[in-house]
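**Q** All chains should be modelled from the sequences, with the hints used to inform the complete structure.
Listed here are the chains, written in short residue letters.
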Amino acid sequence: GAVVSQHPSWVICKSGTSVKIECRSLDFQATTMFWYRQFPKQSLMLMATSNEGSKATYEQGVEKDKFLINHASLTLSTLTVTSAHPEDSSFYICSSRGGFQETQYFGPGTRLLVL
Amino acid sequence: AQSVTQPDIHITVSEGASLELRCNYSYGATPYLFWYVQSPGQGLQLLLKYFSGDTLVQGIKGFEAEFKRSQSSFNLRKPSVHWSDAAEYFCAVGPTSGTYKYIFGTGTRLKVLA
Chain U
1 GAVVSQHPSW VICKSGTSVK IECRSLDFQA TTMFWYRQFP KQSLMLMATS NEGSKATYEQ
61 GVEKDKFLIN HASLTLSTLT VTSAHPEDSS FYICSSRGGF QETQYFGPGT RLLVL
Chain Z
1 AQSVTQPDIH ITVSEGASLE LRCNYSYGAT PYLFWYVQSP GQGLQLLLKY FSGDTLVQGI
61 KGFEAEFKRS QSSFNLRKPS VHWSDAAEYF CAVGPTSGTY KYIFGTGTRL KVLA
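Taken in sequence, the protein lines are chains U and Z. Using the numbering used here, read the first sequence as starting at 1 and increasing by one per residue. Using the numbering used here, read the second sequence as starting at 1 and increasing by one per residue.
Some hints could be false.
[Said to hold, decoys possible] One-sided excerpt, in silico: chain U residues whose CB lies under 8 Å from chain Z:
1. 32
2. 40
3. 43
4. 44
5. 46
6. 49
7. 93
8. 97
9. 98
10. 103
11. 104
12. 105
13. 106
14. 108
[Said to hold, decoys possible] Here are some, though not all, of the chain Z residues that point toward chain U, as calculated from beta-carbon distances under 10 Å:
15. 19
16. 20
17. 34
18. 42
19. 49
20. 67
21. 80
22. 83
23. 84
24. 94
25. 96
26. 97
27. 100
28. 107
Because the hints were derived from the structure by calculation, they are not lab data. Beta carbons: idealized from backbone N, C-alpha and C, even for Gly.
**A** Next up, the structure:
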């Protein structure tokens, strides 16, 4: 089946630093990748949709300058949390879909803790 | 407005008992329908999906779901629950074209008693 990886799985950083999270589609070409944020015991909140080679589309209320998304290739998308603050601490999950697939395949998630 | 409702936040069942998790949706047209499972600290794993055709779909781990258009429902069932099924279950709907963005339900947390 479709496999999506995320790296790192855990990251702890100091307030004010930037953190980059990678999302890789391992066995298919991901024309679209999605980035979600999940708070404890809550559902997933879509942050942005990224298509390979074009700018990401951010959901309302998501700061595009804070959450930089780069979808540079058909297998890799990155989310950079810039100048992270404690309120950015969360579980970030990516998903990928390829070609005419309607199904999103999810990565294992990255837990970010900002001190 | 488009929405997905999972009315049960928590469900507790005994191991070996049957299970039904409810999902209702409000959408402009019949969407694609999905059930995902999330274990603690993990990503989401696809259990099953419905696009068209037979309204009873089979998934992995012995799960099945039935699409009922008249009720706008897509309930997940399993005849005999195993302790390893304890997890969070999310119902999602998505458009049949375009952005393929999902709308997720709020999730149902399943607890299994030994």
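**Q** Now, for every hint given, state plainly whether the structure supports it.
**A** Status of the hints after comparison with the structure:
Proximity of residue 32 of chain U to chain Z holds as hinted, the smallest CB-CB distance being about 7 Å (cut-off 8 Å). With 8 Å as the threshold, the beta carbon of residue 40 of chain U stays out of range of chain Z, its nearest partner Cβ sitting at about 10 Å, so the hint is violated. The beta carbon of residue 43 of chain U comes within 5 Å of a beta carbon in chain Z, closer than 8 Å, and the hint placing it at the interface holds. Taking 8 Å as the C-beta contact cut-off toward chain Z, the hint placing residue 44 of chain U at the interface holds, the least distance being around 5 Å.
Of the supplied interface hints, the one on residue 46 of chain U holds, with its beta-carbon coming within about 6 Å of a beta-carbon of chain Z, less than 8 Å. Interface hint at residue 49 of chain U: satisfied, since its Cβ lies 6 Å from the closest Cβ of chain Z, which is below the 8 Å cut-off. A cut of 8 Å between beta carbons decides the hint on residue 93 of chain U: the least distance to chain Z is about 5 Å, and the hint holds. Using the Cβ-Cβ criterion of 8 Å, the hint placing residue 97 of chain U at the interface with chain Z is satisfied: the shortest such distance is roughly 6 Å.
Below 8 Å, beta-carbon pairs count as interface contacts, and residue 98 of chain U has none with chain Z, the closest being about 11 Å; its hint is therefore violated. A hinted interface residue such as residue 103 of chain U counts as satisfied when its beta carbon comes closer than 8 Å to some beta carbon of chain Z; here the least separation is about 6 Å, so the hint holds. The interface hint given for residue 104 of chain U holds, since its Cβ lies 6 Å from the closest Cβ of chain Z, which is under the 8 Å cut-off. At a threshold of 8 Å, the smallest CB-CB gap from residue 105 of chain U to chain Z is about 7 Å, leaving the interface hint in force.
Given the 8 Å rule on beta carbons, the hint for residue 106 of chain U holds: about 4 Å separates it from the nearest Cβ of chain Z. Because the beta carbon of residue 108 of chain U sits about 4 Å from the nearest beta carbon in chain Z, less than 8 Å, this interface hint is met. Taking 10 Å as the C-beta contact cut-off toward chain U, the hint placing residue 19 of chain Z at the interface is violated, the least distance being around 20 Å. At a threshold of 10 Å, the smallest CB-CB gap from residue 20 of chain Z to chain U is about 20 Å, leaving the interface hint violated.
The restraint placing residue 34 of chain Z at the interface with chain U holds, with a minimum CB-CB distance near 7 Å, inside the 10 Å limit. Taken as an interface hint, residue 42 of chain Z checks out: its beta carbon lies about 6 Å from the nearest beta carbon of chain U, inside 10 Å. For residue 49 of chain Z, the interface hint holds, since its Cβ comes within 10 Å of a Cβ in chain U; the closest pair sits about 6 Å apart. For residue 67 of chain Z, the interface hint is violated, the least distance from its beta-carbon to any beta-carbon of chain U being 15 Å, above 10 Å.
Proximity of residue 80 of chain Z to chain U is violated relative to the hint, the smallest CB-CB distance being about 24 Å (cut-off 10 Å). For residue 83 of chain Z, the suggested interface contact is broken, since its CB lies about 21 Å from the closest CB of chain U, more than 10 Å. Against a cut-off of 10 Å between C-beta atoms, the interface hint on residue 84 of chain Z is violated, since the closest Cβ of chain U lies about 18 Å away. Given the 10 Å rule on beta carbons, the hint for residue 94 of chain Z holds: about 6 Å separates it from the nearest Cβ of chain U.
Contact between residue 96 of chain Z and chain U, as hinted, is supported at the beta carbon level, the nearest pair being about 7 Å apart and thus within 10 Å. With a cut of 10 Å, the hint placing residue 97 of chain Z at the interface with chain U holds, because the nearest CB-to-CB distance is about 9 Å. Checking residue 100 of chain Z against chain U by beta carbon gives a least distance of about 6 Å; that is within 10 Å, so the hint holds. Interface restraint check: residue 107 of chain Z against chain U, minimum CB-CB distance 5 Å, threshold 10 Å, status holds.
Violated hints for the displayed structure, listed by number in ascending order: 2, 9, 15, 16, 20, 21, 22, 23.
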